[in-house]
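Colleague: Each chain is listed here by its residues.
Protein chains: 2
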Amino acid sequence: MSAKTAEILCVGTELLMGNIVNTNAAVISSELSGAGIDIYHQSVIGDNPERLKDAAELALSRSDILITTGGLGPTYDDLTKETVAKLLGVELYLDTESWESIKQYFASMNRELTENNKKQAMLPVGCTVFPNPNGTAPGFAIEKDGKTVIMLPGPPREMKPMLLNYAIPYLSRKSKDCLVSRNLYFFGIGEAVLEQRLKSLMESSRNPTVAPYAKTGEVMLRLTARVEKGSDASYLLDPVQKEIEAVAGEYLYGVDCSDLQTAAVRALSNARLTVSCAESCTGGLVAERITRVSGSSKVFRGGIVSYDNSAKISVLGVKPETIERFGAVSAETALEMAQCAAKLFRSDIAVSVTGNAGPQGSEDKPVGLVYIGICSPGYSDVITLNVKRRDDDIRSYVKEIASSNAIRLILKACQSF
Amino acid sequence: MSAKTAEILCVGTELLMGNIVNTNAAVISSELSGAGIDIYHQSVIGDNPERLKDAAELALSRSDILITTGGLGPTYDDLTKETVAKLLGVELYLDTESWESIKQYFASMNRELTENNKKQAMLPVGCTVFPNPNGTAPGFAIEKDGKTVIMLPGPPREMKPMLLNYAIPYLSRKSKDCLVSRNLYFFGIGEAVLEQRLKSLMESSRNPTVAPYAKTGEVMLRLTARVEKGSDASYLLDPVQKEIEAVAGEYLYGVDCSDLQTAAVRALSNARLTVSCAESCTGGLVAERITRVSGSSKVFRGGIVSYDNSAKISVLGVKPETIERFGAVSAETALEMAQCAAKLFRSDIAVSVTGNAGPQGSEDKPVGLVYIGICSPGYSDVITLNVKRRDDDIRSYVKEIASSNAIRLILKACQSF
Numbered sequence: 001m002s003a004k005t006a007e008i009l010c011v012g013t014e015l016l017m018g019n020i021v022n023t024n025a026a027v028i029s030s031e032l033s034g035a036g037i038d039i040y041h042q043s044v045i046g047d048n049p050e051r052l053k054d055a056a057e058l059a060l061s062r063s064d065i066l067i068t069t070g071g072l073g074p075t076y077d078d079l080t081k082e083t084v085a086k087l088l089g090v091e092l093y094l095d096t097e098s099w100e101s102i103k104q105y106f107a108s109m110n111r112e113l114t115e116n117n118k119k120q121a122m123l124p125v126g127c128t129v130f131p132n133p134n135g136t137a138p139g140f141a142i143e144k145d146g147k148t149v150i151m152l153p154g155p156p157r158e159m160k161p162m163l164l165n166y167a168i169p170y171l172s173r174k175s176k177d178c179l180v181s182r183n184l185y186f187f188g189i190g191e192a193v194l195e196q197r198l199k200s201l202m203e204s205s206r207n208p209t210v211a212p213y214a215k216t217g218e219v220m221l222r223l224t225a226r227v228e229k230g231s232d233a234s235y236l237l238d239p240v241q242k243e244i245e246a247v248a249g250e251y252l253y254g255v256d257c258s259d260l261q262t263a264a265v266r267a268l269s270n271a272r273l274t275v276s277c278a279e280s281c282t283g284g285l286v287a288e289r290i291t292r293v294s295g296s297s298k299v300f301r302g303g304i305v306s307y308d309n310s311a312k313i314s315v316l317g318v319k320p321e322t323i324e325r326f327g328a329v330s331a332e333t334a335l336e337m338a339q340c341a342a343k344l345f346r347s348d349i350a351v352s353v354t355g356n357a358g359p360q361g362s363e364d365k366p367v368g369l370v371y372i373g374i375c376s377p378g379y380s381d382v383i384t385l386n387v388k389r390r391d392d393d394i395r396s397y398v399k400e401i402a403s404s405n406a407i408r409l410i411l412k413a414c415q416s417f
Numbered sequence: 001m002s003a004k005t006a007e008i009l010c011v012g013t014e015l016l017m018g019n020i021v022n023t024n025a026a027v028i029s030s031e032l033s034g035a036g037i038d039i040y041h042q043s044v045i046g047d048n049p050e051r052l053k054d055a056a057e058l059a060l061s062r063s064d065i066l067i068t069t070g071g072l073g074p075t076y077d078d079l080t081k082e083t084v085a086k087l088l089g090v091e092l093y094l095d096t097e098s099w100e101s102i103k104q105y106f107a108s109m110n111r112e113l114t115e116n117n118k119k120q121a122m123l124p125v126g127c128t129v130f131p132n133p134n135g136t137a138p139g140f141a142i143e144k145d146g147k148t149v150i151m152l153p154g155p156p157r158e159m160k161p162m163l164l165n166y167a168i169p170y171l172s173r174k175s176k177d178c179l180v181s182r183n184l185y186f187f188g189i190g191e192a193v194l195e196q197r198l199k200s201l202m203e204s205s206r207n208p209t210v211a212p213y214a215k216t217g218e219v220m221l222r223l224t225a226r227v228e229k230g231s232d233a234s235y236l237l238d239p240v241q242k243e244i245e246a247v248a249g250e251y252l253y254g255v256d257c258s259d260l261q262t263a264a265v266r267a268l269s270n271a272r273l274t275v276s277c278a279e280s281c282t283g284g285l286v287a288e289r290i291t292r293v294s295g296s297s298k299v300f301r302g303g304i305v306s307y308d309n310s311a312k313i314s315v316l317g318v319k320p321e322t323i324e325r326f327g328a329v330s331a332e333t334a335l336e337m338a339q340c341a342a343k344l345f346r347s348d349i350a351v352s353v354t355g356n357a358g359p360q361g362s363e364d365k366p367v368g369l370v371y372i373g374i375c376s377p378g379y380s381d382v383i384t385l386n387v388k389r390r391d392d393d394i395r396s397y398v399k400e401i402a403s404s405n406a407i408r409l410i411l412k413a414c415q416s417f
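Chains as they are written, first to last, in our numbering: chain A, 1 to 417; chain B, 1 to 417.
It is worth saying that the hints were derived from the structure and are not from the lab. Treat the hints with care, as some may be off.
If several chains are the same, the list does not tell them apart, and a pair holds so long as it fits within one copy or across any two.
The list that follows gives simulated cross-link-like pairs (lysine-lysine, PhoX-like), each with its CA atoms no further than 20 Å apart [stated by the list, open to error]:
#	residue 1	residue 2
1	LYS365	LYS215
2	LYS365	LYS298
3	LYS388	LYS103
4	LYS160	LYS319
5	LYS388	LYS365
6	LYS53	LYS365
7	LYS118	LYS160
8	LYS118	LYS343
9	LYS147	LYS103
10	LYS4	LYS176
11	LYS242	LYS103
Turn these sequences into a full structure, and let the hints guide you.
Modeller: In C-alpha cells form, the structure reads like this:
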C-alpha cells in the first residue's frame, strides 16, 4: 500500500465560534493514522458555501482523500453535501433506502418527520452509502478523478460509529496489507522517562512501529505492525512487547484495556474479588470512575464520600483520636478509612483517599498532599503523593491524579491475592 | 470598531495524529467571538516548515489577524516562530527579560536548563511580549503591513491564561467599544423548544445579541451588548433578560455561574445550608461534581455510593422491606435513601439517585429509568426520569443526566427554605 494522504475538513459555525470542541478531528486523525494514512491538514470552516467550496478545492488539490464532518443536517444552512457534489460535478438523487431509514428513525423516537428531512436522503450519484443507526443523516464515500471524498455527520456519537464501521473499512479494503495495533498502558512513569528508556527501540523498530501517547498521569505505547490481510501479527508484536516489559514492565498495567478503571474491574472480576472505597478529597471520583465500567456492579460494593471530618467519624467510623492526633490528612487516617470501608461494605479490598485538593493549602498540609490507603486481608499500605502543578485548575488535577493512584493500588492488591 | 477577521492556526504533529484534542481552537474562538472578532477559518498543521509557511501565507492573505498556537518549544522541530518571522521578513533577537524568566522558571521547578532553552527567548524585533508564568515559552504579538500575528504556546494551561491576560486585552485596546456578555443557564428545557419560544426576540434583538449554546441536558443563552469602553451595559442587558425570564424563567437556574454544581454550591452557601447524597446508578458523580467547586467543603457533608443492594441496607440504612417490596430502582427506595443520607450526615438537604444506567435493562426496569429523591425539613419529593438515547455509551449519558437532575433538585430545595 503506497501511503495515501488524507485531510479533514470539519464544517460547522458552532466549531468556529468555539461553542464546541472539535473532538471529531482527533478521532478521525487517530483512526486514519492507525490505518497507515498520513494526515497533513485539518481545517474548520463555517456553514458558508463560498468558503466551503474554496476549502474543499484546496484540500482536493493537495490530498488524496478528503474527509468532511458536519453540514449533513436537514436545514437550509446544512450545505456541505450540495457544495462538494457541485465541486465534483456530481448530481444528487433520492436514495430510497436512506429515506426509509430516516422515516423509521423518526418513528422509533416518536418525533415528527418534516419534508426537510428528505434533503438528508439526497446523495451523490455513484456513492457508497454509510448507514447511520444513531441519527438521521447517512454518510457516504465517492470517488472522482482519483480522489476519494468521505462525508460523515457532525454529531460525534453519529460520526464515530460510522467512521469505525464503514469509513475505515472502506479505506482499508483498497489495500493488500492491514495494520494491527496493540496498546500498552503505563502508570507511574512519565512520558519523558519512558521514552528515554525506550529511545533506541523506538527509533530502530520499523515493523511494528512504537509510538508513545501521554494523558494525565499516564502513558500509552502503541505498537503498530503491518501484515498481509488476514495474517496474525503476534509474531511481530510479541517480541517487541517483551523488550519493553524488560525495561518498564513494573509500570505496565494493561494491554488493550483503554484505562485504569477498566483494568481494575477486569482484574477484580477475574479474581472474583469485591472492592469498596472511602474518599475525601477525590469527592467520589474513584467510585465514579469504577462505575463507568460496564460490569462494575459485580465487583464494586460501594463507597463513602466522607468530605466532612464529622462524616469520617460518624458515618465511616474512623476513631476521633486518629483524626485529632494525626489530622484528617494523614497516613494514619487514610489507613483507618480504608479499613472502615472494608468492614462497612464487607469487601475484599478497600481503598481510601484523603488529601488537600486546593485551592487553599497550609504549611503542613500543602495543596497536592494526598494519602492513599489500601487494605485487603493479605495486604495493606499507604502511599503519599505530592501532586505539583502551577495551575488555575489544581483541584481537578489533584482529584484526577489521586483517583488514578487509588485505582492503580486496587489493581496491585488484586495481584497480592 | 470595524469587525476584524481572525484565523487560528494550531501547530503540532500530535494534533494531526489525533493524540490530543484541539481544545485551544475552541477556547480562542470563543474568546475572540466574545471580543467581536469574526473567525472564518481554523487549521491544524504539523511541525513541518514548508506546510507551515504555506498555511501562514494563506491565512495572512485572507484574514486581518493570525493567531498561532504551538511550536514555541526548545527543540529543533519547534519552528513556528522562525517560520512566521521569516515570512514577515522580521529578524529575531534575544529578549533578555524573557531569558531571565525562563531561567527563574527552571530554578523554581528544580529542572535543569539547557542551551536549547535560549531559543525560546528569541523573539521577533518590534513585538509586544506576552509573559508566560505557567511555562517557559513567552508569546507575543507583532504587527506588519496592516496584519497582526499573535503567537501563543501550545499547552492549554499556558495558552489560556496568556490569551485571557494578554492577547485579548491587546486586541481590545485597539477598539473604542467593548463587548459585555451575560450568560443565562437553563436546565430542563431543550435547545429547540427554548429557541422556538424566543425566536422573534433572538431574531430582532441586535444590541444585545442573543445566542443559544447547548450542552448535555442544558442550554446557555449568551446576551452580548456592545457599549463604549468603561460604560455600564446593564441598561441594555436587563430588559432583554426580563423578556427571556417571562417565557422561560422557570428553567433558568443561574446567571454567569458556569454550571449547575457551582450554582448549587453558591445557593447552599448563601442560605448557610448543608447537603449530602446517596447514590446508586450515578456511582458518585453527584458528589464528585459538587466537590469540583472550590468552597464546596463548607456545604457538602458527604455521600454514600450504595451500589450494591446490601450496602443500601447495611451502610445507608434503607429498610430491607422497602427494597423487597418496591425494588432497588423505585420511588420508595429513592425517597428512603435521601432520608437515610440526611440522617447519617446530619445535613439540611439530601439527594438520592437510584436507577438503571445500562447497558442491560429489564422489562420493568429499562435502561434509563432513574428515580431521584430529595428531602429537607420542609420539603421532600421524588422525580422519575426516562433517559432515552440510542448510544454506545448510554451509561455515561444516563449518569450525566441523572446527576444534573439531582443537582437541580438541590438548587430547588434551597429555594424552599
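Colleague: Take the hints in turn and mark each one as holding or not.
Modeller: Status of each hint after checking the structure:
For the identical chains of this complex, LYS365 and LYS215 are neighbours neither inside a copy (27 Å) nor across copies (37 Å), given an alpha-carbon limit of 20 Å. Taking CA atoms no more than 20 Å apart as the test, LYS365 paired with LYS298 passes between copies only; the shortest distance there is 18 Å, against 37 Å inside one copy. Proximity of LYS388 and LYS103 under a CA criterion of 20 Å is satisfied inter-copy only: 19 Å between copies versus 54 Å inside one chain copy. For the homomeric pair LYS160 and LYS319, neither the shortest alpha-carbon distance inside one copy (51 Å) nor that between copies (44 Å) is at most 20 Å.
Only within a single protomer do LYS388 and LYS365 lie at most 20 Å apart by alpha-carbon distance; the minimum there is 13 Å, versus 45 Å between protomers. Within a single copy, LYS53 and LYS365 get their C-alpha atoms no closer than 59 Å, and across copies no closer than 50 Å, so neither meets the 20 Å cut-off. Proximity of LYS118 and LYS160 under a CA criterion of 20 Å is satisfied in neither setting, with 23 Å inside one chain copy and 43 Å between copies. Taking the closest pair of Cα atoms, LYS118 and LYS343 never come within 20 Å of each other, the shortest separation being 61 Å inside a single copy and 57 Å across copies.
In this assembly of identical chains, LYS147 and LYS103 lie within 20 Å of each other by CA distance neither inside one copy nor across copies; the values are 32 Å within and 51 Å between. For the homomeric pair LYS4 and LYS176, the shortest alpha-carbon distance inside one copy (14 Å) is at most 20 Å, but the shortest distance between copies (50 Å) is not. In this assembly of identical chains, LYS242 and LYS103 lie within 20 Å of each other by CA distance neither inside one copy nor across copies; the values are 53 Å within and 40 Å between.
Hints 1, 4, 6, 7, 8, 9 and 11, counting from the list given before, are not met by this structure.
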